[in-house]
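J.: These protein sequence lines are chains A and B, in that order. Under my numbering, think of the first position of the first sequence as 37, with each following residue one higher. Under my numbering, think of the first position of the second sequence as 4, with each following residue one higher.
Don't read these hints as lab results, they were simulated from the structure. Using N, Cα and C, we set each Cβ at its ideal position, and we do this for glycine too.
Per label pair, the in silico range of CB-to-CB distance:
| # | chain 1 | residue 1 | chain 2 | residue 2 | range |
| --- | --- | --- | --- | --- | --- |
| 1 | A | THR56 | B | GLU300 | 29 to 35 Å |
| 2 | B | ASP50 | A | VAL237 | 56 to 62 Å |
| 3 | A | VAL237 | B | ASN186 | 46 to 52 Å |
Here are the simulated DSS-like cross-link-like pairs (lysine-lysine), alpha carbons at most 30 Å apart as the crow flies:
| # | chain 1 | residue 1 | chain 2 | residue 2 |
| --- | --- | --- | --- | --- |
| 4 | B | LYS321 | A | LYS262 |
| 5 | A | LYS87 | B | LYS195 |
| 6 | A | LYS188 | B | LYS195 |
| 7 | B | LYS150 | A | LYS281 |
| 8 | B | LYS328 | A | LYS262 |
| 9 | A | LYS281 | B | LYS305 |
| 10 | B | LYS80 | A | LYS142 |
Below are the chains, spelled out letter by letter.
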Amino acid sequence: MKILVCISKTPDTTAKIAFTDNNTKFDVNGVQWIINPYDEWYALVRAIELKEADAAATIHLITVGAADAEPIIRKALALGGDEAIRVNADSHDSFYIASQIAEIAKQGGYDLVLTGKETIDYNGSSIGGMVAELLDQPYVSLATKFELAGTKATITREIEGGEEVNEVELPVVVSAQKGMAEARIPNMRGIMAARTKPLKVVEPIAADALTTVAGFGLPPAKAGVKLVAADNVEELVRLLHEEAKAI
Amino acid sequence: MSVLIFIDTTDGHVKKSSLEVLTYGAKVAEQLGTVAEGVVLGSVTEDLAALGKYGVKKIHQVADDSLNHLDAQLYAKVIAQVAESTGAKVIIFSNNVDGKAIAPRLSVRLKAGLVSGAVALPDTSNARPDDPVGRGFVVKKNVFSGKAFANISVSTDIKIIALSPNAYKTVAGDGTAEVVAFNATVDAAKVKVTNTTKASGEVVLTEAEIVVSAGRGLKGPENWGMVEELAKVLHAATACSRPVADAHWRPHNEHVGQTGFAIAPNLYIAIGISGAIQHLAGVNRSKVIVVINKDAEAPFFKAADYGIVGDAFEIIPKMTEAIRKLKGVA
Ligand SMILES: Cc1cc2nc3c(=O)[nH]c(=O)nc-3n(C[C@H](O)[C@H](O)[C@H](O)COP(=O)(O)OP(=O)(O)OC[C@H]3O[C@@H](n4cnc5c(N)ncnc54)[C@H](O)[C@@H]3O)c2cc1C
Ligand SMILES: Nc1ncnc2c1ncn2[C@@H]1O[C@H](COP(=O)(O)O)[C@@H](O)[C@H]1O
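Working from the sequences, and respecting the hints, build out all of it.
T.: Laid out in structure tokens, this is it:
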């Protein structure tokens, strides 16, 4: 069983969001970078659990990013995984990134490609589906559970107001979210081991970017809260009805 | 040339988010001086022609039973056939659970740039001398979990937009759509659906217009009755903060925020929730936010439109009562 886990680097959830260069670039000043939470807590940890259940399984991690993504991929290796691949390219176009991942996936012949549900910065929720299409493999998105029996995967995915159970033969691409696994903290042994695990850097293949960011913006600031006295709940209801037209 | 809209269904019914994309897609078509067409897969029990009131002129239906359940691979293949035959230049999905699975695949198949999580109509006026990259077809989408937006320029001939649920208001006019059977090559599905569970009779959280949400301030699961009652009079969905779901006071499918559901209702009522940044990440796209918290310093008040500083246990029943009165229900 060969598993490929897609790891991306995102600003910490509490990072201040600001833009530079005439609002065309994210301001990285003072930003702490983390492994995208969905990739770490759900995709990677579930892969580690699968390996714990099957000693013959191998886990490769892939990130498409510049050299500054290395601390992130090392941190991921400290949690688990056998080796990492960094495709040396800096892009925010989903199709471009997916093309790089698909290329590595083709070469490695993986049984399972796991991604997070979405990146918390670009919120694309697209790369898993694109990789699956490039590989011509099935895709189960927003998965909350993943079980394996031989080569048959039983995957639970989110649907509106509920869940659906899917059965599919490997190979498959799956995007993971809450429910898949419980977040883990890397231990000292993992951190030491990660230092010597292979981290291969490969150059990107030629691929198009189908989209570009023309500019960023911040939502208009809220006008400020209108406070209503605790003994005047009826007034709040009136405001919601007449002013906000929300009820 | 046309605008093609994917009409998503569940158990033969057209989803609410489909009405939003139909309205949106018709507007895009109008903007581009072309017609809006729809595509629907699988069997549908609803009257499809009636969807014409949202502005769609023609609906292509591939009524193959193997399309009654989502297999994104199969769906993308079939929709691509419809798109090619209708000469669609813009294809529109809801950025809901199914759209997130299908749209990226179709993007690869058609080599069409995808903007997922769009929140506004595309900007097709290319007169922007101050912004050389902002020309052509630019779509506004949410980024940084709702803390910012980005204008994405799509350079490919065919464009795909996945519209955020609740971001565009449904408008019904009159008109009927012509429903035509589309003859597509449909392969065998590789994904088999073996079981579906749905909370019945309740308002679906991700589609709800109004959401009543409560946090640790409620003290324990035994106190949720009044939250549910408030939700009921408002015909609202219920939600909760993460520690509440983690402590199993409430089911996990109610958890909103960074790690839970991201929602964008018209009205979000947050009761006894402090307003941590990770919580806000899932709810900050709500149009109107009401905060009820006994601590005037709770960070949530900064993100709120209306608020009451006070004890939830006193305020919730009074609020339910006031709304009952407003709606004239006993
Ligand atoms: C990486 C990461 C991801 C996270 N993801 C999420 C997420 O997705 N969703 C999420 O919600 N959290 C998330 N969190 C947790 C988040 O940081 C907060 O800890 C959490 O939102 C707090 O929940 P709470 O507001 O219910 O509880 P508390 O912070 O304990 O707040 C309770 C509030 O209730 C008020 N209160 C108490 N009694 C009353 C009363 N009688 N009447 C009125 N008000 C009262 C208090 O003043 C207080 O403001 C995440 C954290 C991390 C680190
Ligand atoms: N640069 C990247 N390198 C590797 N994997 C990525 C990268 N960007 C995104 N991914 C993976 O794709 C998932 C979805 O990303 P997105 O479509 O951008 O929301 C993420 O959760 C990651 O698992």
